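I would like the entire structure built from these sequences, with the hints used as guidance.
Protein chains in written order, with the working numbering: chain A, 755 to 1038; chain B, 122 to 389; chain C, 27 to 315.
For the record, the hints were derived by calculation from the structure and aren't laboratory data.
Hints are supplied without guarantee of correctness; some may be wrong.
Which chain C residues face chain B? A few, computed with CB under 8 angstroms, are given here [as the list claims (entries may be wrong)]:
1) R108
2) P118
3) Q121
4) L210
Since we're looking at a predicted model, the values are computed, not measured.
Backbone N, C-alpha and C fix where the C-beta goes; we use that ideal spot for every residue, glycine too.
Residues per chain, in single letters:
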Amino acid sequence: MVNQQAESRIITDGLSYRYPEAERDAVSNVALHVRAGEFVCILGHNGSGKSTLAKLFNALYVPTEGTVWVCGMDTKDDDLVFDIRQHAGMVFQNPDNQIVATVVEEDVAFGLENNGVPPQEIRVRVDEALAAVGIKDKAKKAPHMLSGGQKQRVAIAGVMAMRPSVIILDESTAMLDPSGRQEVLSTVRRLNQEEGISIVLITHYMVEAAQADMIYVMDDGKIAMSGTPRQVFSKIDEVRALGLDVPPMTAMAQTLRSAGLAVRADVLTVDEMVEEVCRLQQKG
Amino acid sequence: MLGDITLGQYYPGNSPVHRMDPRSKLLLTIAYIVGVFLISNLPGYLLALGFLWIVVRVSGIRFSYLLRGLKPLRFILLFTFILNVLFSQGTTTLLSIAFFRLTREGLENAVYFSLRLVFLVMGTSVLTLTTSPVQLTDALEHLMHPLACFGFPAHELAMMMTIALRFIPTLLEEADKIQKAQMARGADFESGNLLARARAMIPLLVPLFVSSFRRANDLAMAMEARCYRGGEHRTRLRELRYTRLDLYALLCMVAFFVLIIAEGMLLG
Amino acid sequence: MPIAAEGVNYVYMAGSPYETKALDDVNLTIEDGEFVALIGHTGSGKSTLVQHLNGLLAPTSGRVLVDGQDLADKGTDRRAVRFHVGLVFQYPENQLFEETVEKDIAFGPKNLGLPQEEIGRRVREAMQKVALSYEELAQRSVFELSGGQMRRVAIAGVLAMEPKVLVLDEPCAGLDPRGREEILGLIRRLHEESGTTIVMVSHSMDDVANLAERVIVMEHGRIAMDGTPREIFSKGEALRAMGLDVPQAVELAEALRARGIPVPEGAYLPDEVAQAVLSAVGGGQQNAG
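What follows is the structure, given as structure tokens:
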């Protein structure tokens, strides 16, 4: 376990959580693993336990049973709570309900202020974080004058300023328009690829999930499916039975296959589909 | 579009008055108001006006803009004036009709009281026009900080003010949306007597409360996730620092006091 | 109940530094029984236009006619118009306020001044239309329901007014795939079974492609395009220039055409494109596979 922890950002083992006075577990016996630099996506219909799981990663909730380790730290350890929250940053769903300050740069500074970082150091890190998410020009703006996508990038900057090891996005694209979603997703992907920050993305959009390294599908508090996007989405019927969908091109691949065309079942994007069709045409 | 409304009436600028430390602006405004209340003759008020005029010139705000701020107060001013005219005791009768006796002292009192009110409002307007709500909150937090030793929740109060400022535009926008949604279902906010109108507000207020609680819950969660743990050991991005500007301002205020006291002794 | 907009302009916060022209010379007619999708970038004027259709906003200049009646006329009862042109806002569950589901849905009919039995009938019917069980849910508090159920209660609240035209501003925003499917299914049923005119604002091109008979594209407060989905989606370049997506099936069709595989111009539905692929390369494969 020690070796595994060194290269892991989040490990859960037999993790269960039950809300006070609830009759059933919201999260039940979950074992998963987020490695350093990995992009993990968690899918599941509403009420499947995704958001509860996210809050367990940040020590907002403490497991009823089992354990969560964030960068090797047990979230049950009270003394480590603030270290854990600094390492595992959260971005929430509603962009309006997570910005505290009335000026963008002050909101980005909020976490650092809480941790007692000296002002000169805060200045440097806030500027870095604003640049990292590409909203340096908005530093002095009032948050309510920004678009949804920009607000979510402010929230991401607030997390980035804490120099996290992993960023957890709890349906952070759900309330955005397509261009806002694109903004957030490309920001997150860049941070993942360039800065090596691990990402846990919780979403309802299959096209976003298709870009992950690893997908976990939740149902009724448990992990119902897991694997790479290709492995998961190629099981179309199973995915649909869990109240989800597959990317449009994966669905089309199935249509073509059932008509007898031998395209791969695990096509995810338009480009891949074009390659498949051209390959078959040349063969034919 | 309600989102464009900013609270208070901050008039952005980069004048020396804008750049002063908000703490000294707050304290000097209080000093100015105290000074104005010490004055009891016309030359003194001219001094107060002159001082204010200079500050306004330096701040780059148009004087007419400041005067416009008095407009909503005109009824209170009129009321104060009439009250003072009617109920001040005096010996020098100027005019007497039935029970009503207009005295010289009564008239003077009325004028002075109204002038004090005018200067009070204009003085604080200069403060709010040149200081953003954020800076004001900062200043209050710092000035109240020593009181924290006596268990006074200085940080919590400032945090509450900040959050209120942050959410006022959001909630206004939401109220507008809910109102329109209910109007689309035939709700009538415009006609009927007072009771009917009050009742018509329920479909607006209930969802607004529900959403405020939800927002409060979300925000608490988000603040906790970002390591919030109260005011202790907290640092700030923006530190307040007194500069030479604040010293100059202080000296000007001292000069103002010397002048009005001297004037009071000579002419009063 | 046709709706017509004639030269509609709308200026927000006129005379202030924030002055913006939200609608710029908008002309359109929506006939009875149409299914119109309204698409465009955020801030293109969709939501502003939608609020003109039932008189919640009045044009700065130009006029809006519902059933031939100018909404700005003194004689027009704008409240009556709102009962005929039902408007479902974005995240409509945020407007629920009554103690029970039944009372909330009854709010519109009550404002109409209908007799008690009629209100009862309409509540039941509206709940049935949105697939909520009256027996199970009518007496429950709206705040005990799931997000998807709350949204359907809110839609039922508008349906209970029995509008001839139903306008929906992003009815699926924030829902999971199953929730989206349910809402889209009920909108389709309303259109097909009751012949209700539908105007739907949407960001999802796939939903638009699957449902709409007519697509109106807005940009900078103006109507940039107006036509059938086939016409609109064949102009992929123009749509992308406005910052809009096209359905993935259209993207595939374009890419295949570029590689010399014949896909008919204007194909925009997944099945059409799949058919084209099959007939282009399928022949030999089908036998082999």
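Outcome of the hint check:
| no. | hint | in the structure |
| --- | --- | --- |
| 1 | R108 | holds (6 angstroms) |
| 2 | P118 | holds (7 angstroms) |
| 3 | Q121 | holds (4 angstroms) |
| 4 | L210 | violated (21 angstroms) |
Violated hint: 4 only; the structure is consistent with all others.
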